[in-house]
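S.K.: The residues making up each chain are set out below.
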Amino acid sequence: MFFNSLSFAIFLPIVFLLYWLVFNKNKTTQNAVLIVASYYFYSCWDWRFLFLLVFSTLLDYFSAIMMENSSSDKKRKLWLWITIGINLGFLGVFKYYDFFAQSFADLLQGFGFQANPVLLKLILPVGISFYTFHGLSYVIDIYYKRITAERNFIDYSLFVSYFPLLVAGPIERATHLLPQVKIKRHFNFEKAKEGVYQIIWGLVKKVVIADSCATYANAVFDNYESMNSLSLALGAVYFAFQIYGDFSGYSDIALGTSKLFGIDLLKNFNYPYFSRDIAEFWRRWHISLSSWFRDYLYIPLGGSQGGMWMKVRNTFIIFLVSGFWHGANWTFIIWGLLNAIYFLPLLLQNKNRSNMGEIEMGWDLGSVKTILNILGTFALTTIAWIFFRAKSISEAVGYIQKMVTDLHFKSEYLSNERYNFELVLLVLAFVVVEWFNRSKVEPLSGKASWVKVTLAIMALLALGVYSDYKEFIYFQF
Amino acid sequence: MKQFLVFIVKIVVVLLLVAFALDFIYTTVFVQSKTRNKVENVINSEPQNYDVVILGTSRANNHFVSELFEKEGLKTFNYGMSGAHLFETSLMLKLMVERGWNIKNIILETDLNLSNEKRDDGTFGRFMPFMHQSNTITEHFKNEPDFIELYYVPFYRYIQFDSKVGFRAFYKSLQQEPTNTLANKGYYPLGFNPKANMKNNIESLVPLRNRYFEEIKQICKSNNINLIAVTTPICSNVKGMDYFKKVKKLYPEIKEYEHFVEGDHYFSSCGHLNDKGARAYTSKIIEDLEFKRE
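The listed protein sequences derive, respectively, from chains A and B. Going by the numbering used here, the residue at position 443 of the first sequence is 769; the numbering climbs one at a time, nothing skipped. Going by the numbering used here, the residue at position 161 of the second sequence is 368; the numbering climbs one at a time, nothing skipped.
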């Protein structure tokens with residue numbers, strides 16, 4: 327059941343009405359109805375993986391309590407590592423086993439040995455990377471005594487399986503979400519209205535921007551060998567907007583949906599393509615994952631303490647792990663590595679925190695520099711996305727090579743029966759709307775909101791892509 | 208909560224109003240267009256006289272050179288449509304009859320398309336703007352499982368088939384930008400493709416006693432149209448060629464030409480002749496068959 331499907335459009339109002347009108351007695355009934363809805367929502371993909379979700383919930387719940395009850399640090403550490411080991415073990419088996427087995431076999435073959443690895447070819451349980459990290463943050467926080475273990479199983483289950491964030495985040499923190507599910511929520515019209523606006527805007531990003539860009543990006547990437555420089559450059563830009571519209575659109579729908587139930591989720595995107603350097607980009611893109619890696623990997627590794635070498639080493643580690651988190655393919659690892667390389671000059675010059683404030687624009691040279699920085703950062707990010715999108719490293723390298731050496735700039739006719747420039751205006755219009763609303767969560771609220779909502783609905787109906795249905799990219803992670 | 212429900216009702220009302228308005232605007236533009244595809248060209252036509260009308264899929268569209276018929280004094284148009292199934296082909300013929308066309312001969316490509324009776328979404332979508340304009344279309348579609356939504360929910364048909372009748376097609380129709388679909392009297396020549404895949408596997412296909420072929424035969428009979436059903440050439444490296452034997456067994460009246468052109472240099476892909484192959488094939492058809500004339 328996707329957020330942009332008819333079944334979700336039926337499911338959501340039913341859960342909403344049950345939650346506020348039937349089971350609104352106390353927080354336990356509210357939480358219970360959300361858990362049932364969440365499990366139903368998850369089972370719509372594949373009910374068999376529901377057992378995995380329940381097991382993961384039970385594991386983290388009990389190990390957190392055991393950790394807290396442990397009399398010695400040694401026992402606490404043991405419980406921590408058991409939990410981490412099992413959680414990552416599941417992730418490893420489902421997501422990474424085949425990759426490691428195949429890579430090892432390839433390596434042996436490189437040395438002249440014949441190896442036929444046993445591949446499991448398992449279906450990846452949807453959202454496993456998200457809820458595993460979700461649970462891990464909880465047990466690590468318990469270990470470090472940042473929070474106390476949650477004793478109420480219903481509350482904890484909801485924290486893990488809350489349907490708006492279950493399949494593709496944001497990766498919540500116990501410190502943020504648990505306090506909200508531990509109290510009875512009261513209906514707040516303004517918050518619910520904000521949620522509806524965010525859902526509509528998220529749908530526009532997904533159905534109008536991402537899915538339109540996808541048809542063009544696919545037509546270019548799938549035939550990159552016969553494309554010229556202009557098509558390849560546009561294909562990369564289209565993919566950049568596809569993945570942004572897709573994932574930030576998903577996040578907007580998730581956050582908006584959650585607001586309907588009176589629960590705030592962590593912000594996941596903050597207009598990342600308006601970043602002035604790559605460090606700022608990573609503070610604005612998939613914020614919940616970046617901050618997860620910062621808090622649970624970068625800082626425990628020593629963070630920025632211990633000199634420049636440590637900083638560089640730790641930065642490379644988190645980017646490589648972040649790349650690998652996305653999928654078991656070398657393309658994701660190279661994508662992470664590229665971002666680390668982009669990050670390096672800023673780190674060496676201690677400039678990685680120089681663009682922390684809001685973007686100020688005026689009629690001066692400083693603004694021109696800002697615009698150039700934004701465009702430069704976008705270009706770097708777009709090149710890295712080519713690795714993210716390509717099926718293999720050689721395909722990505724071939725794509726970039728052709729893009730910079732072909733040097734033909736005639737508009738080409740694509741396999742989707744479109745010309746390669748046709749989407750540019752729509753993308754530009756989207757950028758303009760985002761630019762003038764970059765201080766807001768979404769552009770629909772505020773003055774003339776009904777006019778804006780009407781235009782958004784018009785765009786959804788007239789410009790959305792429906793026949794060539796595309797699922798959210800991040801569901802595969 | 209009451210305030211929120213009122214807010215939601217308002218959103219739904221806006222949604223419905225926008226859907227009605229868009230439906231009206233799109234339909235108004237599409238029903239006046241007749242230069243962008245063969246479906247609208249037929250629907251928006253005046254009564255016509257044709258000696259030969261060609262119907263079928265891309266294997267008709269790319270194989271019958273209208274110009275060669277015309278040289279023989281036969282007024283011809285190729286209405287073959289890429290991807291079309293006999294479901295849509297039958298509807299096209301019904302619409303021609305409904306529009307008062309006087310057709311002497313129909314050449315119908317009947318080979319691989321005999322294997323299914325389902326609709327082809329790509330072609331089906333092109334009829335969507337005309338659902339409320341023609342009883343023939345409504346009747347033809349009324350047994351489709353999504354007919355109710357397509358017919359009654361405003362703008363749903365344009366959403367469902369947005370790649371064919373979406374914003375882009377609407378905009379191009381509004382601009383009255385013609386396509387090359389109607390050039391060469393409907394024949395679309397293919398070039399020689401040295402990288403083409405010259406093999407195919409049709410083992411999974413089984414020809415049916417196809418209800419839409421039967422329907423076409425019936426329409427032709429009652430309108431005194433000479434129906435010529437033919438198979439069209441396919442490359443030699445095909446697995447499952449006994450399909451054509453089954454066709455022959457099922458419909459002995461279908462004339463066999465699947466082997467007529469030998470040699471990959473006549474093909475653009477395994478199932479499609481290039482222009483050179485199409486000309487050779489069409490010449491053979493003209494030579495072999497007898498056409499009704501004035």
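Each hint should be verified, as a subset may be incorrect.
Said to hold, decoys possible - The calculated lysine to aspartate or glutamate pairs, modelled on EDC-like cross-linking and capped at a C-alpha distance of 16 Å, are: (1) B:K379 x A:E748; (2) B:K402 x A:E516; (3) B:K311 x B:E469; (4) A:K471 x A:D399; (5) A:K447 x A:D467; (6) B:K499 x B:D327; (7) B:K217 x A:E738; (8) B:K209 x A:E748; (9) B:K379 x A:E743; (10) A:K773 x A:E516; (11) A:K351 x A:D372; (12) B:K483 x B:E497; (13) A:K471 x A:E394; (14) B:K453 x B:E469; (15) A:K736 x A:E760.
Calculated directly from the structure, the hints in this document are not laboratory data.
S.K.: Against each hint, give a clear statement of whether it holds in the structure.
M.R.: The hints, checked one at a time:
1. Only pairs whose Cα atoms come within 16 Å are accepted, and K379 of chain B paired with E748 of chain A is accepted, the gap being roughly 12 Å.
2. Taken as a hint, the K402 of chain B and E516 of chain A pair is broken in the structure, with Cα atoms around 61 Å apart against an allowance of 16 Å.
3. For the proposed pair K311 of chain B and E469 of chain B, the alpha carbon gap of about 31 Å is over 16 Å, so the pair is violated.
4. Only pairs whose Cα atoms come within 16 Å are accepted, and K471 of chain A paired with D399 of chain A is accepted, the gap being roughly 11 Å.
5. Between the alpha carbons of K447 of chain A and D467 of chain A the distance comes to roughly 34 Å, so the proposed pair goes past 16 Å and is violated.
6. Restraint check for K499 of chain B and D327 of chain B: the C-alpha separation of about 31 Å exceeds 16 Å, so the hint is violated.
7. For the given pair, K217 of chain B sits about 44 Å from E738 of chain A by alpha-carbon distance, which is inconsistent with the 16 Å threshold.
8. Simply put, K209 of chain B and E748 of chain A have alpha-carbon atoms about 44 Å apart, too far for the 16 Å limit, and the pair is violated.
9. Between K379 of chain B and E743 of chain A, the direct Cα distance comes to roughly 13 Å. Compliance with the 16 Å bound is thereby established for this hinted pair.
10. Proximity of K773 of chain A to E516 of chain A is assessed by CA-CA distance (about 15 Å); at most 16 Å being required, the pair is judged to hold.
11. Straight-line distance between C-alpha atoms of K351 of chain A and D372 of chain A comes to about 32 Å, which puts the hinted pair past the 16 Å bound.
12. At most 16 Å may separate the alpha-carbon atoms for a hinted pair to count; K483 of chain B and E497 of chain B exceed this at roughly 23 Å.
13. Under the criterion of a C-alpha separation no larger than 16 Å, the hint pairing K471 of chain A with E394 of chain A is consistent with the structure, at around 8 Å.
14. A distance of roughly 21 Å separates the Cα atoms of K453 of chain B and E469 of chain B; the hinted pair therefore is violated under the 16 Å criterion.
15. Our distance criterion of 16 Å between C-alpha atoms is broken by K736 of chain A and E760 of chain A, whose separation comes to about 29 Å.
The structure is inconsistent with the numbered hints 2, 3, 5, 6, 7, 8, 11, 12, 14 and 15, although it conforms to all the rest.
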